[in-house]
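S.K.: With chain U's structure known, arrange chain P on it following the hints.
Here is how the chains run, residue by residue.
Number of protein chains: 2
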Amino acid sequence: MSTIPAVPATATTQLRARRLGIDTRQEAVLYMSRDCPVCRSEGFETQSRVKVALNGQAIIATLNVVEPRFGLVGDGEAGLSELAWRRLGASEGDLVTLSHPEPIASLTYLRRKMSGGRLGPRAMDEIVRDVVAGRYSELHLSAFVAACAGGGLDFDEVVSLTRAMVAQGSRLSWGARQVVDKHCIGGLLGNRTTPIIVAIAAAHGLTIPKTSSRAITSPAGTADVMETLTPVTLSVDHIRRVVERENGCIVWGGSVALSPADDILIRIERALDVDSPGQLVASVLSKKAAAGSTSVVIDIPWGPRAKIWSLDDAERLGRFFEGVGRMVGLDVRAVVSDGSQPVGRGFGPALEALDVLAVLQRAPEAPADLRERALDLAARVLEFSPDVRDGREVARAILDDGRAWAKFQAICVAQGGLRAPPRARLTHPVVARQAGVVADLDNRRLARVAKFAGAPANPAAGLVLHARRGEVVAAGEPLFTIHAESRGELDYALAYASAEGDLVKVEATRW
Amino acid sequence: MSTIPAVPATATTQLRARRLGIDTRQEAVLYMSRDCPVCRSEGFETQSRVKVALNGQAIIATLNVVEPRFGLVGDGEAGLSELAWRRLGASEGDLVTLSHPEPIASLTYLRRKMSGGRLGPRAMDEIVRDVVAGRYSELHLSAFVAACAGGGLDFDEVVSLTRAMVAQGSRLSWGARQVVDKHCIGGLLGNRTTPIIVAIAAAHGLTIPKTSSRAITSPAGTADVMETLTPVTLSVDHIRRVVERENGCIVWGGSVALSPADDILIRIERALDVDSPGQLVASVLSKKAAAGSTSVVIDIPWGPRAKIWSLDDAERLGRFFEGVGRMVGLDVRAVVSDGSQPVGRGFGPALEALDVLAVLQRAPEAPADLRERALDLAARVLEFSPDVRDGREVARAILDDGRAWAKFQAICVAQGGLRAPPRARLTHPVVARQAGVVADLDNRRLARVAKFAGAPANPAAGLVLHARRGEVVAAGEPLFTIHAESRGELDYALAYASAEGDLVKVEATRW
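Chains as they are written, first to last, in my numbering: chain U, 1 to 511; chain P, 1 to 511.
Next comes chain U alone, as it looks inside the complex (with noise of 0.2 angstroms):
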């Protein structure tokens, strides 16, 4: 940035404030004409960084010039993006001062990081402040997330990383002294454990004040799921009135600003699809360090088509989280699990949810891998507790003796009130091209049929899948039906299911 001069106090201008409603994501953009005055005299252009003013706030917008012969905005106007408005909190008209930003000074370390070296704490605190403050571009958010990715973060810039987000969010507490929570890393269709996990630990007793977030990727998030129930998006106040009743809750954690800075970097990591130990670790960690928990179970399925293919690397990745974990003050037990093939039997958000429901209410129907993942990481979540011994055995009693159950219907009441998911307009199934021993599950291309079907937006949609590996089907028999609201979304999740075919697949068997 030692390029971007500093300015004299004569050199600001004004312009008025112009909302074109245009959804930038997390940068401000800025829109002047070529025209514009300012432009000319600030030496401004395109990819520009500027500062724009207003009653005491300041932010920074990345300028977009615009050609002044097709009239988006007039020579006096700077138009606004959503963010840049909102930020400003700016009304139509207002004047706003335009000027260059002051050089900012955590790039420096951005700088280092790019050329391989190392950041201490300071460093950390002084970048995820920018970061959280939108002083960073895309493309200098983008420089740290691919400078930090792979081995780019030792073991101590993880712990630094934790902390600096942590320190730039609010931080909730709780009056207990242990508060557990579990925490899935993802990449694991219908692996919906958390609604029976909470229901189990806190009906033991524990607090568990659980924040879930929604669908990014897959068909259906944790969030999206409990929506089809009760209530997810609580005031702080609220969410403590439930924990205070019931010691646990499932709510969507959008509302609570819990590690900005995670926020602003996730959307960069998932555009870039990059996957980076170190990042993930500070992700998961300051969310849950910022919520309050002492003690939390991390669920690592791995799997050839999970986010961790092999087991090795999945207890690498579990001993690197309790590592951080004791360093950030919480006792953290990562489980490393079987991340082959689906769990349950729906996928979108109300087909999981009768997956759980049917779990909870010891339905006969009810998918036993479901019902088995939840008892094994609940039993974890239980042994956090000096009372429990054999956490297996507890959490087993707690579900088949109805005590879950009750627990998680309370819960429902106190968000606002338990009611029935609901179910698709229209389904249809696809079936088996021949005979055989189902051989594989595609994980992946099964939830961009439940996506393509209109899951999450559409609640009801989604696929329910007939077969598990190694069953034998027959001819003609359903594999799985696809559950949708209209027929454009069901023609187009057929369309996508037969042209890639082998989703499920059937191997003729040799006898």
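Calculated from the structure, these hints are not laboratory results. Just to be clear, a hint being listed does not mean it is correct.
From the derived model, a few chain P residues whose C-beta atoms are all more than 10 angstroms from chain U [what the hints assert, rightly or not]: (1) 126; (2) 330; (3) 364; (4) 470.
With a Cα cut of at most 30 angstroms, we get these calculated DSSO-like pairs of lysine-lysine [said to hold, decoys possible]: (5) P:51 - U:307; (6) P:307 - P:505; (7) U:307 - U:505; (8) P:307 - U:51.
From the three backbone atoms N, C-alpha and C, an ideal C-beta is built for every residue, glycine too.
M.R.: Frame of chain U, contents of chain P only:
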């Protein structure tokens, strides 16, 4: 990109193209209404990468979703940024087809590089091909630059990157067996040796088809300087005729698509303000190889305010240039030079042209430092010729007996005519506040004064330096004079100069 699904044939959708006139620089951007059926059915959201096709042309654009109530684009419209519009060759109302793009295979290599892996020649080729084809988003480009920064590329990778960049652009060839060239890594104000060196080398009979750049962060590039004297935007055919007749030329390289990958990456490097030796070497040498050069002198100034801070680093960079050059078939000779203070007197296109003319015309007021630097470098260029032993002596003779000046005039005539550089309408001196010795000249901040005065957009603008380091000045004596075309720019430059103080540092003499 594994999360982007391949798309069934039924899923493409058409919208009417609409030109919005928004310059988004090198990222193609698509603007669609949130209510647009394509957005909804395809699950597109802001930052989605979308394939936009028209008449067999297809580009990948980044989506910005627009709130419908602001009326920027209608439900049936696809708003396009200037780059998207140009690349598609669109006309108003054309029906463009939108779909999910195919996965970009080379992103696997990008992720490998982010994770600290090495890239072989094929991986580099594929990355550079996708960069040139516009398949990378700005985030991808930034991640690539960050992953390659610092020591991110080893010797073999720099060689692969250089070759890949050459392969992805057009390549010039010349009749001559030996084609010489020179390049300065930049960062030193007024170091305008190129026109003098080309004149000397061409006068000696060497083939030297010089393509130069315009200013990017400095007050003048060689192309800007030459443009005050003669046309520099020439067709490849015209360049060829000039070089056939006069052995050399000094033209703007922008009209020749040499190493287009470099043009893209260099913008990102600039936005991140990251200097990466590997990328610098690949950038320079790819352009030289593509320009058909065989033998290149590289000027590496070093000093506390130059790009390279220590003699050691300058020499190491020089060896790096020479080594990579050998691998890509270029005879490279690096010259490490003094970069501790600006070169010549004038800074800004026309003012630097006057310095160049003064040296070529052997005027008594010609800046001695510019002359000496030009002779040093010309000597090294001449020594590529087997018949030259003492290059310095030959260069001096060609300059002093008027052959260089005659050749320079002939080149300008061949390019379209020699003209007198413009003079600025307004000038204003900045004077010494006290008597003393000039202790330091701030290269970077003096450059900003010249830019605030209007350089390079106004070719006559800039500043003229009256004092050199070590010279004694009286109080009130002018240190430099600002040249500007408008009162506003003059005031702006003066305000900056007085706010900053000590651009030319005068220390009271103690005796």
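S.K.: Against which earlier hints does the structure fall short, listed by number upward?
M.R.: none
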